[in-house]
Structure formats: C-alpha cells, structure tokens
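S.K.: Each chain, written out:
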Amino acid sequence: MASVAREWREIPGRYNTVGTKCGACGKIYFPARSLCPKCRRASVGKMERYDISEEGEVYTFSVVHDAPDANMRMKPYAVGMVKTTDGVLLTGQIVDIDPHRIEIGMPVRTVLRKIYEDGESGVIHYGFKFVPKW
Amino acid sequence: MREVAVIGVGMTKFGELWDSSFRDIGLKAGMLAIEDAGLSGDEIDGMFIGNMASGRFIDQHHIGALIADYSGMASNHVPATRVEAGGASGGMAFRQGVMAVASGMHDMVIVGGAEKMTDVDDPSSNAIIDSTADQQWESSMGATMASLHAMIAKRCIHEGMATREEIAAVSVNSHANAVDNPNAQFRRATKIESVIRSSAVAEPLGMFDCAPISDGAAAVVLCPLEDAKKHTDKPVKVAAVSQASDTLALFQRNSILSFAATRVAAERAYARAGISAKDVSVAEVHDNYTISGILAAQDLGLFKKGEAGKAFLEGVTLTGGKMPINTSGGLKAQGHPIGATGVAQIVELTHQMRGTADKRQIAKPRYGLAQNVGGTGSAVTVSILEAI
Amino acid sequence: MVKVGIVSYGAYVPRYRITPEEIGKVWGVDGKGMGRGLYILEKSVPHPDEDVATIATEAARNMLARTSVPADRIGALYVGSESHPYAVKPTATIVATAIGASPRMTAADLEFACKAGTAGIQVSMGLVGSGMAEYAVAIGADTSQGAPGDALEYSASAGGAAYLIGKKDLIAVINKTVSYTTDTPDFWRREGQPYPTHAGRFTGEPAYFRHINAAAKMMMEDVGTQPSDYQYAVFHQPNGKFPTRVAAGLGFTEEQVQTGLLTPRIGNTYSGAVPIGLAAVLDVAKPDDRIFVVAYGSGAGSDAFDITVTDGILEYDRDAAPTVSKLIEDPVYLDYASYAKFKGKIVMQE
Chain A
55 MASVAREWRE IPGRYNTVGT KCGACGKIYF PARSLCPKCR RASVGKMERY
105 DISEEGEVYT FSVVHDAPDA NMRMKPYAVG MVKTTDGVLL TGQIVDIDPH
155 RIEIGMPVRT VLRKIYEDGE SGVIHYGFKF VPKW
Chain B
187 MREVAVIGVG MTKFGELWDS SFRDIGLKAG MLAIEDAGLS GDEIDGMFIG
237 NMASGRFIDQ HHIGALIADY SGMASNHVPA TRVEAGGASG GMAFRQGVMA
287 VASGMHDMVI VGGAEKMTDV DDPSSNAIID STADQQWESS MGATMASLHA
337 MIAKRCIHEG MATREEIAAV SVNSHANAVD NPNAQFRRAT KIESVIRSSA
387 VAEPLGMFDC APISDGAAAV VLCPLEDAKK HTDKPVKVAA VSQASDTLAL
437 FQRNSILSFA ATRVAAERAY ARAGISAKDV SVAEVHDNYT ISGILAAQDL
487 GLFKKGEAGK AFLEGVTLTG GKMPINTSGG LKAQGHPIGA TGVAQIVELT
537 HQMRGTADKR QIAKPRYGLA QNVGGTGSAV TVSILEAI
Chain C
253 MVKVGIVSYG AYVPRYRITP EEIGKVWGVD GKGMGRGLYI LEKSVPHPDE
303 DVATIATEAA RNMLARTSVP ADRIGALYVG SESHPYAVKP TATIVATAIG
353 ASPRMTAADL EFACKAGTAG IQVSMGLVGS GMAEYAVAIG ADTSQGAPGD
403 ALEYSASAGG AAYLIGKKDL IAVINKTVSY TTDTPDFWRR EGQPYPTHAG
453 RFTGEPAYFR HINAAAKMMM EDVGTQPSDY QYAVFHQPNG KFPTRVAAGL
503 GFTEEQVQTG LLTPRIGNTY SGAVPIGLAA VLDVAKPDDR IFVVAYGSGA
553 GSDAFDITVT DGILEYDRDA APTVSKLIED PVYLDYASYA KFKGKIVMQE
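If you read the sequences in order, they're chains A, B and C.
Counting in the working numbering, the first sequence runs from 55 upward without gaps.
Counting in the working numbering, the second sequence runs from 187 upward without gaps.
Counting in the working numbering, the third sequence runs from 253 upward without gaps.
No lab work stands behind these hints, which were simulated from the structure alone.
Even for Gly, the Cβ is constructed at its ideal location relative to N, Cα and C.
Some clues are possibly wrong.
Examples of chain A residues lying across from chain C (beta carbon under 10 Å, computed) [as the list claims (entries may be wrong)]: (1) Y69; (2) V149; (3) L166; (4) K168; (5) I169; (6) V185.
Only pairs whose alpha carbons sit at most 25 Å apart, straight line, appear in this in silico DSS-like list of lysine-lysine [as the list claims (entries may be wrong)]: (7) C:K597 <-> C:K277; (8) A:K168 <-> C:K593; (9) B:K464 <-> B:K491; (10) B:K464 <-> B:K416; (11) B:K199 <-> B:K491; (12) B:K491 <-> A:K137; (13) C:K341 <-> A:K168; (14) C:K597 <-> A:K129; (15) C:K593 <-> A:K129; (16) C:K277 <-> C:K493; (17) C:K255 <-> C:K538; (18) B:K508 <-> B:K491; (19) C:K578 <-> A:K168; (20) A:K168 <-> C:K597; (21) A:K92 <-> A:K129; (22) A:K187 <-> C:K578.
Required output: the full structure, derived from the provided sequences and hints.
M.R.: Structure follows, in structure tokens:
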C-alpha cells in the first residue's frame with residue numbers, strides 16, 4: 055500500500071490535473087515536471103503551473119477484466135487515454151457508462167473519484183476519472 | 187574496444203517450477219552455461235544478473251550476492267551486479283556484460299537472468315508487473331500492464347494498422363514454434379479463434395494474447411572474440427548491443443502505435459553491426475502481449491508499418507518461414523520469467539547461429555536479433571548476434 | 253440588517269438506481285407496495301468509487317461553474333453529512349482542495365442527521381453576515397446506509413448540493429432563518445456501527461412532524477407570512493409521503509411542494525435532501541418568487557428559511573451546470589446483487 059506522504063504530495067495532479075507548461079517552448083506536460091525534456095537547462099526556473107482542461111475525448115481505451123484488488127467491485131471497468139482540449143493525453147478510468155458503449159472520440163470530462171483505499175482503516179486516495187460529458 | 191563472443195549458453199525449463207527455488211534455477215542456468223563453454227568456473231571474473239523484482243516476488247533484495255554465493259563465485263570474490271529494467275532486465279544485463287568484456291575490464295563474464303514469479307499469487311504477480319508502468323499516473327489509476335497494451339491494440343485496430351486476427355496471429359506463431367522447444371512452458375499449437383475467444387483480460391486482449399507467469403533462468407558466457415576459439419569450436423559474435431529509453435508513461439509519447447525506443451535501438455544496432463533489417467535471419471522479439479509482437483516486427487524494420495500483422499497471419503514468421511520470429515516460442519509460449527527473458531533470447535539466437543537449435547533450426551543463419559522491452563517501450567535493448 | 257443570500261448553487265446525484273420492488277424481492281417484502289406507501293419509486297445508488305467527498309466536490313464544482321466568483325475568495329467551507337468517509341479527518345478539506353478554495357480559509361464537517369447541510373447554510377450566513385468571510389460554501393451530501401432488510405434500505409440514497417453564500421450578486425436573498433431544536437432520539441448511529449438505527453413510528457409525530465411544524469409556524473409568525481405568500485415550499489423528504497402530509501397540514505398546496513420534491517425519484521439523500529430540493533426550485537425560479545424551506549434532522553431539529561429570488565437570477569448562468577432534472581434524467585438500474593456489491597454489503601476476502 056502506498057505511503058500517505060507519497061500520495062499527499064501528488065494531490066494537485068490527482069484532484070485537478072495540474073500540470074506544467076514550459077516557459078521556453080510552451081509545451082504542456084502532465085504530470086507536472088520541473089524540467090522540460092525538450093529544452094532541458096533552458097527551461098530551469100521557467101516551468102509554470104498549468105491547469106489542464108477538464109474536457110477531452112477518448113483517444114483509446116480498454117475494458118479491464120483482470121483487475122487489481124482495488125477495483126474488484128467495479129469489474130469489468132474501462133480505462134482510457136483521453137486527449138484533453140489542450141492536446142494533452144491523460145490516463146484514467148472511464149466510469150458511469152457501460153464500458154461496451156464507450157467509443158474512440160467520445161467526449162468526456164474529469165470528475166473526482168476514489169482511486170483506491172489503503173484497506174478498511176487506511177487513507178482513501180482520490181483522483182480524477184472520466185465520465186461522459188453532460 | 188574488443189569484439190565480444192558468446193561461448194556458452196544454458197537455461198532451465200520455463201514454467202511453473204514448484205520444486206525449484208530462485209537459488210536453484212539461477213544456479214542451474216549458470217552451471218549449464220559454464221559447462222557449455224567448457225569452463226571450470228574459475229575463469230569467470232565478472233557476473234551480471236538480470237532480475238526485475240526479486241524484492242517483491244521472493245522478498246529478497248541483494249540477489250547479486252545471493253547468486254554469486256550459491257554459484258560458488260563468491261568464494262573467488264567475483265564481482266556480481268544485478269541489473270533491473272522491468273521486462274528488459276535480461277537484455278540490459280547482457281549489454282552490461284558485453285560492455286564489460288569489450289572495455290577490457292573483464293575477460294570472462296557470465297550474464298544470468300532469473301525470475302521466480304510463482305511464489306506469489308496471481309494478483310500480486312500482476313501488481314508487480316503493473317509497477318513497471320508509471321505507478322503514480324498509470325497503474326494506480328487502474329491501468330494494468332495488459333490494459334496499456336490493449337489500448338495500443340485498440341488504437342492500432344482503429345487506425346487500420348492491424349486487425350484483431352492479425353494481432354492474434356502473433357500468439358499462434360509463438361505457440362506453433364514452441365512445439366519444438368523442450369524448454370518452453372507451452373508446447374502446443376493454438377488457433378486464431380482460440381486466441382480471440384480466450385477469456386477477456388483487458389479488451390480487446392484475452393488470456394491467449396498475454397505471456398504467462400513463469401519461473402525460469404538463463405545464462406550466457408562472454409569472452410573476447412579473439413580468445414573464443416580457445417574454449418569452443420562454435421563461438422558466436424556479438425555484432426551489436428544497443429539500448430534506448432523513452433518516457434515511463436505510455437500517454438506521454440508522441441505516438442503509441444510504435445515504440446520509438448525500439449526504432450532507435452534498432453538503428454543503433456544495425457549501424458554498429460554494419461547491416462540493415464533485411465540481413466536479419468531470425469529475430470526473438472518481446473511478445474509479452476500479442477500487439478507487442480506486431481509493433482516490434484515493424485519498429486525493427488523487419489516489416490513495413492501495417493504489414494507485420496499479415497506476415498504473422500500468413501506464417502511468414504514461423505520457424506520455417508521467410509522471416510522467422512520467436513523460434514523459441516517467444517515470451518508467449520516459451521514463457522516469460524521476466525528477468526530471464528532477455529537472456530533466454532540470446533540463448534535461442536546462439537543456438538540458431540551455431541546451428542544447434544535442433545528441430546527449430548533455421549536455414550542459413552547469419553544474423554540473429556533480439557529485442558527486449560521494459561514497461562510499455564520505456565526501455566528497449568536490441569542485440570545482434572552473428573554466426574562466424 | 254445586511255442582506256445575505258445565495259450567490260450560486262450546484263447539485264449532484266449519482267447515476268445508478270434501484271427500485272423498492274427489486275429490494276423487496278430479496279427480503280420477501282411487497283417492495284412495490286412499500287414503495288407506493290412511502291411514495292418512493294426508485295432511489296439513487298453511488299458507484300463504488302463515490303462517497304460524500306466526491307459527491308460534495310461534484311456539487312461544489314457545479315456551483316462554481318455557474319459563477320465568476322473565484323474559488324480562492326471562499327473563506328469557509330462546510331460539508332454536512334451523516335456518512336462522512338472518515339470518522340476522524342474532514343471531508344471539507346478534500347472538497348476545498350478539489351475546488352481550489354484552500355488554503356486561506358476555514359473548513360469543517362458538520363453532522364446533524366439529515367439537516368447538516370442546512371446547518372452549514374446557517375453557519376455560512378453568520379460568517380458572511382458578520383464579515384468574517386466574503387464567501388462561504390455550505391454543502392449537504394450523503395451516501396446514506398440502510399441496514400439490509402431494514403425499512404431504511406428502501407429509501408436511503410446518495411446525492412448532494414452546494415451553496416455559495418455571500419452578500420453581492422445574489423440570485424436569492426435569505427430573508428430569515430429560524431431553528432427549532434430539542435433532544436429527541438428518533439434515529440441515530442453509534443460510533444463504529446455501519447448502519448443507523450431508528451425508533452420506528454416514533455420518527456413520525458414526535459420527531460419529523462413536531463419539529464417541522466414548529467419551525468414552520470415560528471418562521472411564518474416571525475416574518476408575517478402565510479403559505480399562500482410562497483410560490484414554492486421545500487420540506488425535508490425522508491420519503492415522498494411525509495413532506496406531502498406536513499405541507500398539507502401547514503396549508504401548502506401540492507403545486508407549491510412538487511418542484512422541490514425529489515425523493516420519489518432519487519430516494520432520501522439525507523443531508524442532501526433539502527439542498528437538492530431547493531436546487532430544483534432555483535433551477536426554474538423567477539425574480540420575486542418566494543421559497544419556504546424547512547429541513548429536519550433527527551435527534552432532533554428543524555431549520556426553516558424564508559427566501560426571495562432576486563433579479564440576479566436573470567443574469568445568472570444556470571445552464572453552466574446541469575439542472576437537477578438533467579442530473580436525474582438518464583439513470584442506470586441495478587439489480588440487488590449489483591447494488592449490494594456497489595454498497596459493500598457483500599463481505600469480500602481481504
């Protein structure tokens with residue numbers, strides 16, 4: 055099980071898909087990076103917070119049957135890569151829809167959901183998932 | 187830099203080896219390789235061990251020392267180094283061994299790869315495999331290793347790069363080839379329909395699209411090419427060992443229809459060996475999932491983009507085909523004890539280059555290529571062996 | 253006195269439903285008849301990955317989507333619930349962080365059975381009215397639990413709504429709030445117990461009806477109104493029957509109550525019930541509409557509100573988030589086995 059601190063420090067990305075934008079080349083990254091892999095040294099001190107769009111469309115997805123214990127009560131569940139309106143790809147579950155009705159190109163938005171729990175007495179970890187757009 | 191040769195190889199059977207411990211299989215593969223090289227063992231002056239996750243599979247870290255100890259190398263105080271790169275651990279250990287000999291730092295190196303996976307239950311095993319993806323932003327978000335590959339497959343089908351049947355054909359190819367491999371986990375053929383209808387793991391991929399959970403070990407002995415003939419009549423030259431990296435998370439790539447690290451590692455390897463893809467006589471590729479086999483065959487340049495699937499489907503890649511791929515049975519049918527896989531590929535190619543692959547022997551072997559992948563193409567090694 | 257009221261609001265109801273008939277099938281009960289008696293046609297069920305924190309967040313995000321007030325000007329946030337995910341560790345911090353309101357603010361969880369959400373509105377009014385906070389958020393949300401086979405299982409559901417309380421750009425002024433509070437144990441859940449316990453018929457007359465009637469009469473006396481002065485009335489709705497009966501007794505008509513009566517279609521969302529009912533009214537309200545609201549929380553107490561919709565509602569971007577009727581228009585029905593799995597009623601191996 056994950057340590058409390060390890061999840062805690064990722065809360066901005068987990069709850070709100072907070073990424074970074076390189077002040078040198080303008081490329082957007084998720085998760086946040088302290089160095090632009092393209093600009094490297096030129097990006098030092100120039101990586102700015104960037105709130106990635108909450109909307110996008112399904113780029114690809116899979117319906118997971120062989121699921122980790124954390125997701126036993128949701129089997130089968132869908133996991134997808136979503137291209138946000140900023141053009142950034144994110145990986146997350148697609149919920150509140152029959153997984154077999156999901157299609158590539160389907161518009162989705164992010165919501166906050168439980169990602170996993172550290173057992174009955176441990177911390178509950180929240181993060182983004184995708185649902186069909188209103 | 188010195189040229190390097192493989193002078194001995196050995197491996198255990200791959201599969202559910204209930205009676206054998208990690209120590210047992212590691213030792214056995216090493217002994218077989220040393221015996222095959224005609225050595226006593228005292229000649230070895232360096233060890234590299236590919237192992238992905240002994241810390242989680244058997245609760246044992248520090249397996250360099252463990253293997254050195256149980257193989258008797260610790261009594262000579264031979265340096266032993268463990269190498270980890272997810273699924274590419276074995277291929278990377280091999281590369282470290284080759285570099286050690288090529289540089290002149292070592293004269294006789296044994297490279298081993300081992301994984302004991304069945305001492306934990308299947309969900310734990312899957313969780314360990316999933317941890318080779320980006321744990322924070324893929325695995326813990328619910329993306330399993332199988333589902334990440336399934337997403338690649340889904341997009342490939344969507345873009346017309348491969349059909350479901352063609353993807354399934356990768357499994358059929360590996361199974362057909364494994365029939366003739368006494369060390370393989372599954373020595374039985376399968377059919378396209380059986381693969382497609384196998385129980386869903388991560389749609390569109392089913393059970394028969396996925397490499398199994400396996401125990402096993404493999405080892406090879408390396409020395410300078412100039413000394414090789416002193417030990418064996420049939421040394422095999424290491425024409426190239428290359429390695430390339432990519433983002434840890436699949437979603438951060440420019441494209442998921444191709445592994446850039448495979449393409450780049452292959453380019454580097456071909457340049458080093460002074461050959462091109464068409465010179466490759468046989469290839470061992472990392473078919474941990476069927477779709478990976480399609481990507482590998484294309485990214486290595488063995489087939490054009492969009493044509494690998496057809497080749498698998500038409501049997502071009504069978505042992506007797508024009509471009510044999512995974513004559514060992516690959517990860518799918520020979521088995522996939524993760525750390526051992528990349529080394530086992532070298533074992534197979536060495537047999538092919540020497541002409542000692544028995545019923546799996548291909549005609550006129552010249553160059554054999556091995557591609558070993560960590561994660562979803564985050565680390566790739568490409569090695570080329572040359573028959574001399 | 254300074255005018256304090258509603259600047260924005262947002263609701264959320266999980267997508268899944270189960271019918272009383274389906275529940276009754278398992279326990280050998282005429283569920284359909286029971287549903288008719290309670291006037292509950294179906295109830296909402298949270299997805300396994302939903303809890304009060306996620307429901308409250310979704311409601312609060314819908315609330316923020318409708319206003320230009322930046323989240324960092326929220327000075328206080330309260331989540332009222334009887335099913336907070338933690339016994340100790342606030343839900344409010346999760347919500348405040350998820351909507352970008354933290355850290356320069358105060359936050360806390362409230363609990364008063366089914367009226368913790370309206371209690372939050374009162375606390376927020378105090379903070380905003382006194383100038384301690386420019387804006388405050390009050391959320392009522394629950395994923396209430398009914399013990400398997402218990403009468404509550406036919407009604408206990410999930411949902412919530414969030415209110416941004418402030419002084420400027422109001423869409424509705426809260427003219428007055430009064431409460432009626434006594435110590436009446438009609439429903440409770442002891443520490444460590446998974447399911448609440450209720451005192452059967454005692455939850456009716458001495459509890460629900462006495463408190464709501466008292467608060468309602470106090471309010472109308474204090475502000476000098478009578479039922480016909482209101483376009484809408486929202487009463488706590490543990491089922492569809494009680495609010496209809498209490499409304500009639502006070503002299504309100506069915507038309508006044510109908511818009512804010514959601515229980516027949518989503519069940520009893522506990523702390524979410526009155527907030528969601530009021531949201532459904534605000535979804536359709538026009539300037540100068542007057543709304544009468546009385547919440548009830550077991551244990552027991554009632555919070556009454558006298559609200560007048562302002563011209564601000566005309567400029568207000570109601571369509572920037574889904575209305576309550578939009579939220580509940582496309583449900584997915586579960587069988588009891590799936591429902592039991594969703595709600596964690598099936599014991600699984602660790």
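S.K.: Compare the structure with each hint and give your call.
M.R.: Evaluated hints:
This hint holds: Y69 (chain A) has a C-beta 4 Å from the nearest C-beta of chain C, less than the 10 Å allowed. For V149 (chain A), the suggested interface contact is upheld, since its CB lies about 6 Å from the closest CB of chain C, less than 10 Å. Satisfaction of the interface hint for L166 (chain A) is found here, the shortest Cβ-Cβ separation to chain C being roughly 5 Å, below the 10 Å cut-off. A distance limit of 10 Å between C-beta atoms decides the matter here; for K168 (chain A) the minimum to chain C is near 4 Å, and the interface restraint holds.
A hinted interface residue such as I169 (chain A) counts as satisfied when its beta carbon comes closer than 10 Å to some beta carbon of chain C; here the least separation is about 8 Å, so the hint holds. The restraint placing V185 (chain A) at the interface with chain C holds, with a minimum CB-CB distance near 8 Å, inside the 10 Å limit. Taking the CA atoms of K597 (chain C) and K277 (chain C), the gap is near 17 Å; set against the 25 Å cutoff, the hint holds. A hinted pair counts as satisfied when its Cα atoms are at most 25 Å apart, and K168 (chain A) with K593 (chain C) qualifies at roughly 16 Å.
Proposed proximity of K464 (chain B) and K491 (chain B) is supported: the alpha carbons are some 15 Å apart, at most 25 Å. Between K464 (chain B) and K416 (chain B) the CA atoms are separated by roughly 32 Å; this puts the pair beyond 25 Å, and the hint is violated. Of the supplied pair hints, the one linking K199 (chain B) and K491 (chain B) is violated, its CA atoms being roughly 35 Å apart against a limit of 25 Å. Proximity of K491 (chain B) to K137 (chain A) is assessed by CA-CA distance (about 24 Å); at most 25 Å being required, the pair is judged to hold.
The hinted pair formed by K341 (chain C) and K168 (chain A) meets the criterion: a straight-line CA distance of about 16 Å does not exceed 25 Å. For a cut-off of 25 Å, the pair hint linking K597 (chain C) to K129 (chain A) stands: about 16 Å separates their Cα positions. Under the criterion of a C-alpha separation no larger than 25 Å, the hint pairing K593 (chain C) with K129 (chain A) is consistent with the structure, at around 11 Å. A C-alpha spacing of about 22 Å is found between K277 (chain C) and K493 (chain C), which places the hinted pair at or below 25 Å, so the restraint holds.
The straight-line distance between the Cα atoms of K255 (chain C) and K538 (chain C) is roughly 19 Å, inside the 25 Å bound, and the hint therefore holds. At most 25 Å may separate the alpha-carbon atoms for a hinted pair to count; K508 (chain B) and K491 (chain B) meet this at roughly 18 Å. Between the alpha carbons of K578 (chain C) and K168 (chain A) the distance comes to roughly 24 Å, so the proposed pair stays at or under 25 Å and holds. Restraint check for K168 (chain A) and K597 (chain C): satisfied, since their Cα atoms lie roughly 18 Å apart, inside the 25 Å limit.
About 39 Å separates the Cα atoms of K92 (chain A) and K129 (chain A), which puts this hinted pair outside 25 Å; it is violated. Taking the CA atoms of K187 (chain A) and K578 (chain C), the gap is near 12 Å; set against the 25 Å cutoff, the hint holds.
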